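Construct all of the structure, not just a fragment, from the sequences and the given hints.
Sequence lines, in order, name chains A and B. For the first sequence, position 2 matches number 2 in the working numbering, and the numbering has no gaps at all. For the second sequence, position 173 matches number 173 in the working numbering, and the numbering has no gaps at all.
No wet-lab data here; the hints were simulated from the structure. Predicted model, so just to flag it, every value in this text is computed and none were measured. For every residue, glycine included, the Cβ atom is placed at its ideal position computed from N, Cα and C. Among the clues, some could well be false.
To be verified - One-sided and incomplete, this derived list gives chain B residues near chain A with beta-carbon spacing under 8 angstroms: (1) Gln119; (2) Leu126; (3) Ala129; (4) Val139.
What the hints assert, rightly or not - Over the 12 angstroms line for every Cβ pair with chain B, so calculated as not near, a few chain A residues: (5) Phe14; (6) Ile79; (7) Asp154; (8) Thr214; (9) Glu296.
What the hints assert, rightly or not - A partial selection of chain B residues facing chain A, derived with a Cβ cut-off under 8 angstroms: (10) Thr116; (11) Leu117; (12) Ala120; (13) Arg122; (14) Thr123; (15) Gly125; (16) Ile135; (17) Pro138; (18) Leu191.
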Amino acid sequence: MALTVQIRKRYGDFMLDVDFSAGNGEALALLGASGSGKSTALRCIAGICCPDRGRIELDGEILFDSRRGIDLPPQRRRIGYLFQQYALFPHMTVEQNIAVCLDRRQRAQAGELMVLLRLEGTEKLLPRQLSGGQQQRVALARILASRPRAILLDEPLSALDVCLRRQLEQELRDVLARFGGPAVWVSHDLGEVCRSCRRVCVLEDGRSSPAVGTRELIEAPGTAGAARISGCRNLVGACPGAEPGLVRVPEWGVTLRAAGVWREGASLLGIRAERVRPAEEGAENAFPCRVRQVVEDVSAIELALVPEGAEEGSAVLWMEAGRSVLAGTEGGERIWVSLPSEDILLLRE
Amino acid sequence: MDWYPLVNSLRVAAISTGAVFLLGIFAAYYIAKAPRLVKGLLDVVLTLPLVLPPTVVGYLLLLALGPRRPLGSWILEHFGVRLTMQWWSAILATVAVTFPLMYRTARGAFESFDETLAQAGRTLGLSNAYIFWRIRMPVCRQGILAGTVLSFARALGEYGATSMVAGYTPGRTAAISTTVYQLWRTGQDGLALRWVLVNLAISAAVLLAVNLLERKEAGKWR
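As structure tokens, this is what we get:
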């Protein structure tokens, strides 16, 4: 693997403990809620902050090794870092920003990068005169000019208007594909990760779990935290049913058949809102619910459902489906839904 | 009219501003990064001259530099130089008095500096010296410029510590501030008024220059 990271750092009560690697040409996603330590992990890799223990290796070169006392300064690591707010130098023009680490003979490269990133015509402008998207392209061009061996992206799209995000996301993918080295893409948005990265490493309270395929994270997250960050909205306490293959959800007063095996330590049942289906009475894993609320999304409709056998104050069951499927559903209505057994996730807390 | 006090005041203010510029920035940069306890302690010590009466600062300086005091006598003995009652003794006094002005404004500017800019510079392979002089200083230039000008204006107006450390010797250590006092004391009110007007003109010019500079800066990139 081209970039291997294995570090620990303590901040008071918070413990950062990450362990992952990214290959050449791979964009590995680091997915986690805010405050989960994603940015700190990137800062450690770039050398801006120093881990307490561990090792960081890039292309066979050791950048950091607490046991051998190695800690290369950021200048010698050659790792490009795309900051959330881009960190463009406000007193320098676009051209000066991009060429800041080039010597006189290399200045021509700045021009090439400006063409590559569609920045022609902005040479003499100051960063504050650019749009958010252009600022990001300048930051990228500046990183590419420094000939990095790896690229770190810290929530690269969070500072942008929603309508610009998809376009810049595509541009980022193009740039990374052309770059060819390892990249780490920090995000809290599963959609962005799904579209841009093949593998993902989930960070929860500073702790990383082993990287898995993005599809795998969505289909079979092991823990409740991973399920939550992968966009699974229904998580409810569960216990094994009377016979193998059955799971009881006391809060909802239902017993369901699950395709997965109940493993030691599991305590929650999860199901993605879009996997909950309208069903006929008597179908497998079907039960009646009261519609508490109808929420209209852009292209889908979400229902907050209260199972009929539910205890007072229990978690609602979220269901999401296309407008054509749920159009006309109204609050207070009684409908039957089923949770397909192969879509039921049995999770550890 | 003997113009010596004007020349002397300007050169003392200019030299001490140069010294305070470097000292203040150096102190501000390192103290802004220091642990909280050290920072709090140094802050008090370094800001004291701003709130102490200048005569107290002058007294403390004499306590260290006077010809019969430890430092002063040592230098007199080894270099044959008397630290007090020279025209340049006033520089020591004005540096002590104006240092807090420069230090505090520079520290304020450094503390509001977006540290990710420096971090970005480091990941791009820029040297720490480049980051300091070409990124941190230009980005903080408003605060630093303001501190420099204030220090200069204050140095020009310094009286208390200067009069104690450099005294008033016409043609040797006389500055505008000490000259005005001396002329007034000896009943030469008319001449004193002339120096007052000179001082007013210089101070007004300095402040006007600052305002013009600021207006020009404001339109630039902030």
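Problem set entry | List of violated hint numbers, smallest to largest | 3, 6, 7 and 18
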